[in-house]
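Asks: Sequence:
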Amino acid sequence: MVAVSSAAGRRSPALRGSRKLFVIPTGLAPFAPLDRSAARAALGLPAEGLVAGVIGRVEPDKGADDALSALVALRVAVPGASIAFLGPVDADEDWVVRLRLRAATLGLSESVRFLGPRAEAAPLLPAFDLILHPSRHEALPRVLIEALFAAVPIVATAVGGIPEVIVSGESGLLVPPGDPVALGRAAARLASDPALRARLTGAGLARARARFTIEAMRMAILSVYERLVPRGFQDSPARREASS
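Residue numbers (my numbering): 3 to 246.
The set of hints was computed from the structure by calculation and includes no laboratory data.
When the alpha-carbon atoms are kept at most 20 Å apart in a straight line, the in silico SDA-like pairs for lysine to any residue are as follows:
(1) K22 - S8
(2) K22 - A141
(3) K22 - M221
(4) K22 - A10
Only a predicted model underlies this, so the values are computations on that prediction, with no experimental measurement involved.
Go ahead and model the full structure; you've got the sequences and the hints to work with.
Replies: Dropping the structure here:
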């Protein structure tokens, strides 16, 4: 069995501690991030002003309501800051309607945007000054790996496989799940400290290049086969073709 994170592997009681479980993180093929102005233009975002991005389906499990609450603290640190949800959203769903009403109650309607889904979102991530990822559970979120490669600072919840992507204080900031106050404080801290953002994104890019490339994933998969198949096969023409 292969899992994308140790946390994902631990979900199954039968696999916990099993020698048959291998952890191989998701690897990404190279992509070229757009610059900030081009990415904002592509998403229809204003050229100026701080925008925090929340990437993924707009639903309770992804913590969209916590992100909205965090915007209140973020705007204290950076007046005029806004938030944009990039991902599928069902505008008629009761939960989304309530989310919009809550934004209106907080006086944030003009500061909350729903951008809808994009097939290739990774190159557009530099449109955001920071990424908020307040999920309630995760296996190994691809978007955080994409954000590391795009050098966009991250505030995320410490759930599931997220701490296997983000080392808190080194390549991003992690907060407890379901704690919008902590989420907002961390976002405000990032927004107010350019040196911290630069340090985290630099270390995050180095971490992504070392751990989350397609080549690293390929070599890890091959190493699993090398442990499982008979030794005589490893030098066969079939093996050489598979590794070429």
